[in-house]
Amino acid sequence: MAAVEALNITHRYGRVTALDDISFNVNEGELFGFIGPDGAGKTTLFRIAATLIIPAGGRMTLFGLNTVSRYRELRNHIGYMPGRFSLYQDLTVEENLNFYATIFGTTIKENYHLIEPIYKQIEPFRKRQAGRLSGGMKQKLALSCALIHKPRILILDEPTTGVDAVSRTEFWEMLANLKSEGITIIVSTPYMDEALRCDRIALIQNGRLLDIDTPGNIRLSCSNRIFAVRHHRKYELLLALKSLPGVLSREPFGDAMHVSLNPDTTPEQLVRELEAKGLAGVTVTEIVPGIEDIFLELMKREA
Amino acid sequence: MFLLRKEFRQIVRNPFMIRAIIAVPILQMLILVPAVTFEIKRIDLAVIDNDHSPSSRELLARLSGSSFFRITATPVNIDEAEALLFSGDADMALIIPGDFSEGLAGITRPRLQVLADAVNATSAQLSWSYLTSVVRDFNRDIVIGKGAATAGISAAGSHQASIPGIGVASRFWYNPTLNYKYYMLPGVLVILITAIGLMMTGLNLVREKEVGTIEQINVTPVRKWELIASKVVPFFIIGLLDLALGLSIGWLAFNIPFEGSLLLFFGCASIFLVAVLGLALFFSTMASTQQQFLFIAFFFVMIFILMSGIFTPTESMPVWAQQFNWVNPVAYLMRINRMVMLKGSGFADIARDMGMLSLLAIAFIIMAIRAYRKRA
Numbered sequence: 001m002a003a004v005e006a007l008n009i010t011h012r013y014g015r016v017t018a019l020d021d022i023s024f025n026v027n028e029g030e031l032f033g034f035i036g037p038d039g040a041g042k043t044t045l046f047r048i049a050a051t052l053i054i055p056a057g058g059r060m061t062l063f064g065l066n067t068v069s070r071y072r073e074l075r076n077h078i079g080y081m082p083g084r085f086s087l088y089q090d091l092t093v094e095e096n097l098n099f100y101a102t103i104f105g106t107t108i109k110e111n112y113h114l115i116e117p118i119y120k121q122i123e124p125f126r127k128r129q130a131g132r133l134s135g136g137m138k139q140k141l142a143l144s145c146a147l148i149h150k151p152r153i154l155i156l157d158e159p160t161t162g163v164d165a166v167s168r169t170e171f172w173e174m175l176a177n178l179k180s181e182g183i184t185i186i187v188s189t190p191y192m193d194e195a196l197r198c199d200r201i202a203l204i205q206n207g208r209l210l211d212i213d214t215p216g217n218i219r220l221s222c223s224n225r226i227f228a229v230r231h232h233r234k235y236e237l238l239l240a241l242k243s244l245p246g247v248l249s250r251e252p253f254g255d256a257m258h259v260s261l262n263p264d265t266t267p268e269q270l271v272r273e274l275e276a277k278g279l280a281g282v283t284v285t286e287i288v289p290g291i292e293d294i295f296l297e298l299m300k301r302e303a
Numbered sequence: 001m002f003l004l005r006k007e008f009r010q011i012v013r014n015p016f017m018i019r020a021i022i023a024v025p026i027l028q029m030l031i032l033v034p035a036v037t038f039e040i041k042r043i044d045l046a047v048i049d050n051d052h053s054p055s056s057r058e059l060l061a062r063l064s065g066s067s068f069f070r071i072t073a074t075p076v077n078i079d080e081a082e083a084l085l086f087s088g089d090a091d092m093a094l095i096i097p098g099d100f101s102e103g104l105a106g107i108t109r110p111r112l113q114v115l116a117d118a119v120n121a122t123s124a125q126l127s128w129s130y131l132t133s134v135v136r137d138f139n140r141d142i143v144i145g146k147g148a149a150t151a152g153i154s155a156a157g158s159h160q161a162s163i164p165g166i167g168v169a170s171r172f173w174y175n176p177t178l179n180y181k182y183y184m185l186p187g188v189l190v191i192l193i194t195a196i197g198l199m200m201t202g203l204n205l206v207r208e209k210e211v212g213t214i215e216q217i218n219v220t221p222v223r224k225w226e227l228i229a230s231k232v233v234p235f236f237i238i239g240l241l242d243l244a245l246g247l248s249i250g251w252l253a254f255n256i257p258f259e260g261s262l263l264l265f266f267g268c269a270s271i272f273l274v275a276v277l278g279l280a281l282f283f284s285t286m287a288s289t290q291q292q293f294l295f296i297a298f299f300f301v302m303i304f305i306l307m308s309g310i311f312t313p314t315e316s317m318p319v320w321a322q323q324f325n326w327v328n329p330v331a332y333l334m335r336i337n338r339m340v341m342l343k344g345s346g347f348a349d350i351a352r353d354m355g356m357l358s359l360l361a362i363a364f365i366i367m368a369i370r371a372y373r374k375r376a
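Each protein sequence line maps, in turn, to chains L and D.
When the letters of the first sequence are read in order and numbered with my numbering, they come out as residues 1 to 303.
When the letters of the second sequence are read in order and numbered with my numbering, they come out as residues 1 to 376.
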């Protein structure tokens with residue numbers, strides 16, 4: 001049985017279509033990522049999965065239970081972590097955890113093994129009010145609270161947004177651990193590097209799914225070769241690339257321009273043409289396309 | 001139960017809440033009760049005495065001898081008196097005509113002219129009646145002194161002061177000294193529990209929405225009614241505690257009598273609190289921020305309190321206003337409180353009001369639950 005089955009999910013806010021005919025399946029025990037920019041519809045989709053909103057069209061089931069008609073049973077199996085920190089800031093770490101444990105009719109002790117690796121790190125602060133924790137610690141507490149009832153599925157809406165790089169890495173290691181406990185996880189993120197840690201990812205943009213596959217396959221699906229072009233006069237480089245007909249796309253990435261070329265244009269040709277435009281010493285190297293490159297390409301194709 | 005424990009823990013932890021719960025009743029009772037009074041003291045009177053006779057001086061002595069009037073100015077003409085009224089330096093102007101003592105002697109009919117600053121209609125009316133009563137006393141003494149019933153002074157614009165053939169002895173029941181504090185105190189108690197019940201509950205609910213904690217609660221198996229109950233019960237208890245606190249202050253500070261049954265008093269207050277808590281819940285579904293809630297609640301509380309009859313008797317309001325009070329919970333409790341506290345009314349006397357209040361409470365709760373049902 002699939003952990004999540006979504007069929008033709010559609011949702012609107014007034015005239016704005018937030019989700020447009022979205023269908024996907026998530027297998028049990030899978031770590032499934034939704035990658036997309038802000039406003040793509042990730043949060044709406046997750047709120048539907050968390051039984052918080054009723055979709056305007058389509059249906060979604062979690063473990064065979066419909067999110068609309070059987071939400072009450074389902075809520076025992078969901079661990080939801082909204083994008084915004086939403087625990088009680090005026091209760092202490094321990095009180096928050098205790099509160100959520102009692103709500104689900106369990107105790108901290110009963111499922112301590114599940115949260116131990118995460119909770120151990122914030123346990124020294126268990127008498128501190130949640131509002132006075134740092135961002136990374138808040139996030140660990142939120143995850144602990146979402147896990148305390150041993151849910152079958154974790155729904156994490158942008159859990160790493162606004163968290164420092166070290167904490168982010170730690171967080172993904174925790175998710176890998178939880179996955180090995182057999183918990184299904186769906187997670188959304190705007191960070192492309194995090195996508196690589198998922199079993200499968202769905203690229204979402206303007207309420208539509210662009211592609212669903214493993215990160216590896218998605219990379220392979222990229223039809224064009226991608227080159228990194230570097231020159232210290234960036235603006236002139238951009239203008240020059242724009243004027244060349246053999247260049248299909250050019251996107252700035254850090255200190256380089258990522259360029260995809262027409263099949264009949266070779267990189268050597270590109271170097272020559274750029275040097276002819278006065279950009280001496282330009283370098284062109286082929287790279288393995290990243291999720292970003294693919295995302296941008298898919299977005300272009302969609303448009 | 002754990003939801004309740006959490007609520008109480010949050011209330012206790014919030015220093016503002018604790019202070020509000022204790023300070024609000026104390027301050028309201030000590031400030032509002034003595035401050036809001038309808039008695040008028042020290043009316044500043046400007047007098048133009050055109051007569052300068054023993055009679056006119058006698059009248060003025062009587063006026064300034066009463067505790068209500070202070071002769072603060074003696075302008076020479078009407079224009080000056082008007083200027084004093086306009087600037088607010090005088091509340092009333094009394095003009096004694098030049099033929100005043102001749103009139104009293106029975107030659108002409110003496111007339112006093114009175115100008116009053118009637119910006120505040122109530123106080124102008126009261127001042128007017130104080131003045132006429134002093135004049136009437138004066139009048140009667142003169143007439144009796146002369147042994148003839150032919151002449152009398154009449155104040156211009158008023159009815160002629162006549163000598164009553166039948167003496168009226170009045171006695172005010174339930175509040176024999178006409179002490180306004182006794183009248184106000186039951187009303188202030190109503191304001192107190194309205195403020196606690198409506199504002200605090202509503203703000204608490206909306207805050208969960210504003211901070212986003214409701215999101216996290218909504219994905220748990222906690223049922224709607226459990227959540228609502230956990231919000232309502234603490235403030236119900238706090239409301240009753242504050243009522244008891246306010247009542248004790250009334251006892252200690254103002255020596256207010258309590259004629260009726262305490263049980264009945266708290267019983268009615270409980271019904272009222274349910275109604276108000278229902279309203280708080282209902283309003284909280286309309287607001288997504290505490291600011292919005294405050295605005296809605298302030299608007300309704302203002303109307304409820306001003307129309308409830310705390311200052312002016314509801315019977316003298318226009319018919320539509322009296323009809324509005326059918327759905328005004330504050331008006332019911334205002335009446336019940338006064339009846340129970342001052343008159344010692346029993347259950348039978350207030351059964352109708354209690355019944356209506358209960359109906360309102362049920363209606364508000366149903367409205368609130370309906371509005372909450374929409375799971376979205």
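Hints are computed from structural coordinates only; laboratory data are not their basis.
Values in this document were obtained by computation on a predicted structure and should not be read as measured data.
Treat the hints loosely; a few may be bogus.
To be verified - Only pairs whose alpha carbons sit at most 25 Å apart, straight line, appear in this in silico DSS-like list of lysine-lysine:
no. : chain 1 : residue 1 : chain 2 : residue 2
1   : L       : Lys127    : D       : Lys6
2   : L       : Lys109    : D       : Lys181
3   : L       : Lys120    : L       : Lys109
4   : L       : Lys150    : D       : Lys6
Said to hold, decoys possible - Chain D stretches covered by chain L per the calculated footprint, using a threshold of three residues with CB under 8 Å from any CB of chain L:
no. : region
5   : 2-16
6   : 199-213
Cβ atoms here follow ideal geometry from the backbone N, Cα and C, with glycine treated the same way.
Given coverage of the region 2-16 of chain D by chain L, tested with a Cβ cutoff of 8 Å and a minimum of 3 residues = Coverage by chain L holds here, the residue count being 7 at a Cβ distance below 8 Å.
ask   = With a Cβ-Cβ cutoff of 8 Å, does the region 199-213 of chain D contain at least three residues near chain L?
value = Since three or more residues must qualify, the claim that chain L covers the region 199-213 of chain D holds, with 3 doing so at under 8 Å.
task = Sort out whether lysine 109 (chain L) lies within 25 Å of lysine 120 (chain L), counting only the CA atoms.
result = Roughly 13 Å between the alpha carbons, so the hint for lysine 120 (chain L) and lysine 109 (chain L) holds.
ask   = Holds or violated: lysine 150 (chain L) with lysine 6 (chain D), Cα cutoff 25 Å?
value = Judged against 25 Å, a Cα distance of about 22 Å means the pair holds.
message = Check the hint pairing lysine 109 (chain L) with lysine 181 (chain D) against an upper bound of 25 Å on the C-alpha distance.
response = Distance ~59 Å between lysine 109 (chain L) and lysine 181 (chain D) Cα, so the pair is violated.
query = Are the Cα atoms of lysine 127 (chain L) and lysine 6 (chain D) separated by 25 Å or less?
reply = 15 Å, holds
Against the hints set out earlier in the document, a violation occurs for number 2 only.
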